[in-house]
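Residues per chain are reported as follows:
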Amino acid sequence: QKEVEQDPGPLSVPEGAIVSLNCTYSNSAFQYFMWYRQYSRKGPELLMYTYSSGNKEDGRFTAQVDKSSKYISLFIRDSQPSDSATYLCAMSDILTGGGNKLTFGTGTQLKVEL
Amino acid sequence: EPEVTQTPSHQVTQMGQEVILRCVPISNHLYFYWYRQILGQKVEFLVSFYNNEISEKSEIFDDQFSVERPDGSNFTLKIRSTKLEDSAMYFCASSEAKQGGADTQYFGPGTRLTVL
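Just so you know, the sequences run in chain order R and Y. Taking this note's numbering, the leading residue of the first sequence gets 12, the next gets one more, and so forth. Taking this note's numbering, the leading residue of the second sequence gets 58, the next gets one more, and so forth.
Calculated from the structure, these hints are not laboratory results. Possibly wrong hints are sitting among the right ones.
[Said to hold, decoys possible] Cut-off 30 Å, straight-line C-alpha distance, at most; resulting in silico cross-link-like pairs (DSSO-like, lysine-lysine):
1. K67(R) with K155(Y)
2. K112(R) with K135(Y)
3. K53(R) with K112(R)
4. K99(Y) with K122(R)
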């Protein structure tokens with residue numbers, strides 16, 4: 012079983028739709044969860060991070076973590092064409108102090124169409 | 058807003074040649090990282106670096122790879138004798154080494170390495 016699994020997509024939605032992106036993981040030591048956005052041939056850009064089970068909201072984005080199920084989600088409300096990108100989940104077993112090796116999912120390619 | 062920068066954006070080299078990829082991390086950050094992404098595959102951790110020494114490395118980071126902080130601003134990844142399978146996007150990242158809160162990594166735009 013892979014440490015982090017993510018549906019690669021591609022996922023195509025109409026503008027304004029609610030998008031749900033998901034990752035599952037097997038390593039129960041993971042305690043710090045991030046979502047990065049990556050445009051084609053660019054570096055990952057941090058969108059959100061969370062370290063506790065539950066929801067964290069930032070504008071149109073909501074990150075959800077369920078540690079008991081080892082499942083994390085990113086919801087995008089009112090999706091825009093500019094949201095079209097690859098979304099990467101990443102996680103680490105270290106929260107503070109730095110030096111944490113991030114383990115990434117394969118990324119989900121999202122296209123928001125007009 | 059401060060950002061991680063990387064040079065060059067694209068490097069083409071012949072198999073067996075040495076390459077040095079350069080990064081300028083965010084100025085007050087203390088932890089530095091290299092990751093790579095082979096085309097169509099996931100981002101993979103290579104190495105982390107703190108206080109002028111490697112703090113962790115992956116099994117990918119073998120004797121062909123080395124990292125260095127030659128001065129107060131640059132962080133480099135050297136591949137001594139490149140192989141075809143080293144062709145990938147190489148990302149540098151940095152973090153504050155934040156205690157008591159989430160220590161977040163910020164990524165550079167990447168260097169595309171093509172080994173012929």
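Has the given pair, K53(R) with K112(R), been kept, meaning a C-alpha gap of at most 30 Å?
holds, 20 Å
30 Å limit on alpha-carbon distance, applied to hinted pair K112(R) and K135(Y)
Holds - the C-alpha atoms of K135(Y) and K112(R) are around 20 Å apart, at most 30 Å.
Given the hinted pair K67(R) and K155(Y), is their alpha-carbon gap at most 30 Å?
holds, 20 Å
Quickly compare the C-alpha distance for K99(Y) and K122(R) to 30 Å and report which way the hint goes.
Satisfied, since the Cα-Cα distance of roughly 19 Å is no more than 30 Å.
Of the numbered hints stated above, none is contradicted by the structure.
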